Amino acid sequence: MHDVYNFVAGPLVWVAFIVFFGGWLFRLIRMFSLINKKEPFIYTYMSWKYSFRSIFRWMIPFATTNWRRKPVLTIVTFAFHICLIITPIFLLAHIILFDEAWNISWWSLPEGWADVMTLIVIGCCIYFLVRRLKSPEVQFVTYPSDYIILAIVAAPFITGFLAYHQWINYQLMLILHILAGEIMLMAIPFTRLSHMIFSPFTRAYMGSEFGGVRHTRDW
Amino acid sequence: MKKAAILVSLVLTVSTLLWVTAWSQEDIVVLDASAFENSQRPPSVFVHEEHNEKAEIEDCNACHHVYDDEGKLVEDESSEDQLCSDCHGLDAEGRQPGLMKAFHVNCKGCHLEQKKGPIMCGECHQRG
Amino acid sequence: MSEPAKTDSPQAPDIGLSSGIARLTPEKIEKVINDVIKGETGARLHTYVETCIHCGLCSEACHYYLSHDNDPHFAPVGKVKQTIWEMLRKKGKVSPEFMQQAALVAHTQCNLCKRCAQYCPFGIDIAYLMTVVRRVIHKLGCTPQYIQDTAHSHSVMLNQMWVKGDEWPDTLQWQEEEAQAEIPTLRIPLEKEGADIMYSVIAPEPKFQAQLIYQAAVIMDVAGVDWTMPATTGWDNSDMAMFTGDYELMGRLKRSHFETAARLRVKRVVMGECGHAFRSVYDMGNRWLGWQMPPIPIVHAIDFFYELLKEGKIKIAKKFDSPVTLHDPCNVVRGAGLEEKARYVAQQLCEEVVEMTPNREHNYCCCAGGGVINCGPPYKMTRIQGNRIKAEQLFAAKTRGARTLITPCHNCHSGLHDIVHHYGVGLDIKFFGDILYDVMEKPE
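Chains as they are written, first to last, in the numbering used here: chain A, 1 to 219; chain B, 1001 to 1128; chain C, 2001 to 2444.
Source of the hints: derived by calculation from the structure; they are not laboratory data. A few of these clues could be false.
Derived SDA-like pairs: lysine to any residue, alpha-carbon spacing no greater than 20 angstroms straight-line [said to hold, decoys possible]:
1) B:Lys-1108 <-> A:His-94
2) B:Lys-1115 <-> A:Leu-97
3) B:Lys-1115 <-> A:Tyr-5
4) B:Lys-1116 <-> A:His-2
5) C:Lys-2398 <-> C:Pro-2377
6) A:Lys-38 <-> C:Leu-2088
7) A:Lys-37 <-> C:Trp-2288
8) B:Lys-1116 <-> A:Gly-212
9) A:Lys-37 <-> C:Leu-2289
10) C:Lys-2192 <-> C:Ala-2262
11) B:Lys-1108 <-> A:Ser-105
12) B:Lys-1101 <-> A:Val-76
13) B:Lys-1101 <-> B:Glu-1037
14) B:Lys-1108 <-> A:Lys-38
15) C:Lys-2442 <-> C:Leu-2289
16) A:Lys-134 <-> C:Gln-2101
17) B:Lys-1101 <-> A:Ile-104
18) A:Lys-70 <-> A:His-94
19) A:Lys-49 <-> A:Gly-212
20) B:Lys-1101 <-> A:Ile-86
21) A:Lys-134 <-> A:Glu-111
22) C:Lys-2398 <-> C:Val-2353
23) C:Lys-2207 <-> C:Glu-2177
24) B:Lys-1101 <-> A:Leu-97
25) C:Lys-2310 <-> C:Val-2420
26) C:Lys-2442 <-> C:Asp-2321
27) C:Lys-2031 <-> C:Gln-2101
28) C:Lys-2093 <-> C:Arg-2023
29) A:Lys-37 <-> C:Lys-2090
30) B:Lys-1108 <-> B:Glu-1053
Note that the structure is a prediction, hence the values are computed from the model and not measured.
The following block holds chain A by itself, in its conformation from the complex (with noise of 0.2 angstroms):
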C-alpha cells in the first residue's frame, strides 16, 4: 500500500501538474496560434476595458440578468466554484506536503470549514446530476461525456471526505483521492472543463464586441 501511495502521492504529482499546467499552456497556445493564423481581426476588436467589465460582470452572483432569473442555480454555480478552487488550494494536509517537499507554506483552512465546503462541492454536484437528469434543456444536451466529466469533479472530493473521516478503507481511500486528484487536474485543460481556461478569453472577446462595437451590455 505504501509503495501504491508513494508512486501517487509522488512522480504521478508530478505527471498531473506538468500534464495540468503543460496542458493549460498547450491549449492557450493552440488558440493563440488559431487566432493568429485563421481569425487575427479579433486582436482588432479587443478592449481591455471591455474584456474586464464583462469578466467582473459575470463573476458577481445576481449581477447579469440571467444569474437573476436563476437564483438557486446562481448560488449553487457559485458555491460550487469557489469552494471547488479554495478548498483543495488552502487545504492543510495539501500544505503540510507542499512544505515537507519544498518548504513552502501558506495560510491554510481550519479543518472544519473544509469539511463544510467539501461538501458544499459534493452538494452542488449532486443539484447539477439532478439537473441534468430533470431538466428537459439540459437533458437534451447531455453527453455520456456529460456526467463522466461530473464524475471527475466530483471524485476527489468524495474520496477526500472520506479519507479525512478516515471511513471506509482509510488507505485505499486515501489513494483513491489522490488518484482522483490528479485525474482531474490532467482532465482540465482536455476536457469541457477546459472552460477553466477559456471561458475568460471567449468572455473577454464578446464583452469587447458588445462593448466596442455594439455599444451595449452582454449581460
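Knowing the structure of chain A, use the given hints to seat chains B and C on it.
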C-alpha cells in the same frame, strides 16, 4: 448515458451513507499534543515501547536529537529529558522547524527512509 | 439524434432546399463541412464548442424556445446540438436528411439575434455558430429558395429586389414629383458630389414602399439637409448574402455601397429604418472588406432622427396622440446601443410611450430578422409559432394602453405585422418615419 448517471448517483449516496467504524483501539498511547493551540487533527498514535522494539531503536537520540546553534546535529547527545516543544516553537525559527513540521519530518521522514511505518496522514492521526 | 422538434403545421414545400438536398452525396457533404471547418473557422468555433459545458442556461434567451413551451429543440444550445456538434462529432459524415434538418434549424429557427450571447455565462456566440452552419448549407447549394432568390438578385442587380437600372432613378423622380405637390421646391438630389449625406435604403423601398422614400425626402428637405442619393448601383444597403453565408457576394455588395458613397464624396451615409442592413454595413460587410469599422460613418435612421430633433432641425407641430409602444430591433439596439436615442425620438414624437417588457437590449426579437422572413412563405408559420411570446409581450403592452407599435426596422415591421395579425393583437404598426412625417412642422 443513464447508466453513467446511475453509477455516479450510486457512488455519491452509498459512499456518504455507508461507513465502517474505524478499528476500535485500546491501550493507545498518543503523542503529547498539548503544546498545540487549536489542534486540527487528533494527536498521533504512538506507543513508545512497542515502536522502539519493532524499529529496533536503542539510541534515544535517534529521535530525541540535539542540534547546536549552527544547526549541526550533535552526535552522542540526546534530549529525551526535554519536551519537543521546549526547543520547537509553533513557528519555525531560522532553520529549526516549527513543532508540527518537526514531528512530521522526524516521524514520517524516518519511516520513508526505512520504508517502514506509517506515512499517510490518517495512519498516525487516527480518528476514534 | 433525437426526434425533430414538434411543429403545429406541416411546412410548405421549399424547392430550393429539397432539390438542393436531393443533389447531395455523403462524400460531398463531408468534403464541404470539413472544408468550411478546417478552411474557414478557427479559434472562435473550436473554443466555443470546447468551452460549452452543456448547461442550458442560454435556453430562456430564445423566443423560439419560450414560444414552443420550452421545447429543448429550440434552445440555442439545442440548435447547436442539432447542427454543428453533430458535424464536428461525425467529422462531416452526416446524411442529406441531417443537412435538411440542419438547414431548417439554422435558417428558419434562429434569427441570429444574439440574445443568447447575453445569457451564456461564457459569452459563447451561438449566432456565429449558426452562421457557420449556413455557410456550409450555402456551399452545399441547399439554401431555402426565397432567400437564395434575393441573393441571386443581389448578385445580378446589386440590389435585393430585381430593381432594374432605370427603375431606380425613375422611382426616385416619381417620389420627388409626388412630394413636390406638397412642397414645390423639394428635390431628391441625385448624384450630388460632395453632399454631406448619402441616403441609402433597402430595395423593398423602391419596389413596393416608395412612400417611405417620399417621407424621407420631406424630412430631409424640411430639415435643410445637404443630401443626395446615387443614381447608380450601390444605393441598396441590404444584404441577404450575409444571411445565406455567401460572404464573397456580401463583400461585392458592400464594396459597391461604400465605393458609391466614396465616389459621391459624402461625409456620412444615413440609412432608412432597417436593421439587417445596418448589421451588414456596420458590423459584417465592413469586416469582410477589411475595415475595422465602416470606412464612412454609417448613421441609422433612429440616430439621424435623434440628431434632427435634438438640434431642432425638425420641429413637432402636434405630438402623435395614440399611445405607442416601442419595439427594440436587435440589430440596432443589441447591435448598436441605440435604445436610448430611440426612446428620445419616441418621446419627442408621441404623447405617450408605453414600455414593453423585456425591453432595450433584452427585447425579444421579431422572429423575422436574420434572414428568416426572407426564407419566404413556406416558413411563415414557423416564424409566427416561433414567436408567440412576442404576441404575449405586445398584448401586455396593449393592456397597459399602447395602441400603436413603432418598429424602426423593416424586418421587424413585416414580422410583427404577421404576429399582430395572426394573434389578433390589434396594434397599428408604424415606422418612426411615418410618425415623424405626420407630426412635424412643414412649410405652409
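Structure-based check of each hint:
Note on Lys-1108 (chain B) and His-94 (chain A): the hinted pairing holds, with a Cα-Cα distance of about 15 angstroms set against a maximum of 20 angstroms. About 18 angstroms separates the Cα atoms of Lys-1115 (chain B) and Leu-97 (chain A), which keeps this hinted pair within 20 angstroms; it holds. With a C-alpha separation of about 12 angstroms, the suggested pair Lys-1115 (chain B) and Tyr-5 (chain A) falls inside the 20 angstroms cut-off, and the hint holds. In summary, the hint linking Lys-1116 (chain B) to His-2 (chain A) is supported, as the alpha carbons are separated by about 9 angstroms, within the 20 angstroms threshold.
Proposed proximity of Lys-2398 (chain C) and Pro-2377 (chain C) is contradicted: the alpha carbons are some 28 angstroms apart, above 20 angstroms. Pair hint Lys-38 (chain A) plus Leu-2088 (chain C) holds up; C-alpha atoms about 18 angstroms apart against a cutoff of 20 angstroms. Pair hint Lys-37 (chain A) plus Trp-2288 (chain C) holds up; C-alpha atoms about 16 angstroms apart against a cutoff of 20 angstroms. For the hint linking Lys-1116 (chain B) to Gly-212 (chain A), the alpha-carbon distance of about 64 angstroms lies beyond 20 angstroms, and the restraint is violated.
At most 20 angstroms may separate the alpha-carbon atoms for a hinted pair to count; Lys-37 (chain A) and Leu-2289 (chain C) meet this at roughly 18 angstroms. About 12 angstroms separates the Cα atoms of Lys-2192 (chain C) and Ala-2262 (chain C), which keeps this hinted pair within 20 angstroms; it holds. Annotation: proposed proximity of Lys-1108 (chain B) to Ser-105 (chain A) holds, straight-line Cα distance about 18 angstroms (limit 20 angstroms). A distance of roughly 37 angstroms separates the Cα atoms of Lys-1101 (chain B) and Val-76 (chain A); the hinted pair therefore is violated under the 20 angstroms criterion.
A hinted pair counts as satisfied when its Cα atoms are at most 20 angstroms apart, and Lys-1101 (chain B) with Glu-1037 (chain B) qualifies at roughly 15 angstroms. For the suggested pair Lys-1108 (chain B) and Lys-38 (chain A), the alpha carbons sit about 54 angstroms apart, so the restraint of at most 20 angstroms is broken. With a C-alpha separation of about 41 angstroms, the suggested pairing of Lys-2442 (chain C) with Leu-2289 (chain C) is violated against the 20 angstroms cut-off. With a C-alpha separation of about 26 angstroms, the suggested pair Lys-134 (chain A) and Gln-2101 (chain C) falls outside the 20 angstroms cut-off, and the hint is violated.
Between Lys-1101 (chain B) and Ile-104 (chain A), the direct Cα distance comes to roughly 12 angstroms. Compliance with the 20 angstroms bound is thereby established for this hinted pair. For the proposed pair Lys-70 (chain A) and His-94 (chain A), the alpha carbon gap of about 35 angstroms is over 20 angstroms, so the pair is violated. Between the alpha carbons of Lys-49 (chain A) and Gly-212 (chain A) the distance comes to roughly 9 angstroms, so the proposed pair stays at or under 20 angstroms and holds. With a CA separation close to 23 angstroms, the supplied pair Lys-1101 (chain B) and Ile-86 (chain A) exceeds the 20 angstroms bound.
For the hint linking Lys-134 (chain A) to Glu-111 (chain A), the alpha-carbon distance of about 34 angstroms lies beyond 20 angstroms, and the restraint is violated. Our distance criterion of 20 angstroms between C-alpha atoms is met by Lys-2398 (chain C) and Val-2353 (chain C), whose separation comes to about 11 angstroms. Restraint check: the Cα-Cα separation between Lys-2207 (chain C) and Glu-2177 (chain C) comes to about 17 angstroms, which is no more than 20 angstroms; the hinted pair holds. For the given pair, Lys-1101 (chain B) sits about 10 angstroms from Leu-97 (chain A) by alpha-carbon distance, which is consistent with the 20 angstroms threshold.
Between Lys-2310 (chain C) and Val-2420 (chain C) the CA atoms are separated by roughly 32 angstroms; this puts the pair beyond 20 angstroms, and the hint is violated. Restraint check: the Cα-Cα separation between Lys-2442 (chain C) and Asp-2321 (chain C) comes to about 18 angstroms, which is no more than 20 angstroms; the hinted pair holds. Only pairs whose Cα atoms come within 20 angstroms are accepted, and Lys-2031 (chain C) paired with Gln-2101 (chain C) is accepted, the gap being roughly 19 angstroms. Distance check on the hinted pair: Lys-2093 (chain C) and Arg-2023 (chain C) sit about 16 angstroms apart at the alpha-carbon level, within 20 angstroms; holds.
With a C-alpha separation of about 25 angstroms, the suggested pair Lys-37 (chain A) and Lys-2090 (chain C) falls outside the 20 angstroms cut-off, and the hint is violated. Between the alpha carbons of Lys-1108 (chain B) and Glu-1053 (chain B) the distance comes to roughly 18 angstroms, so the proposed pair stays at or under 20 angstroms and holds.
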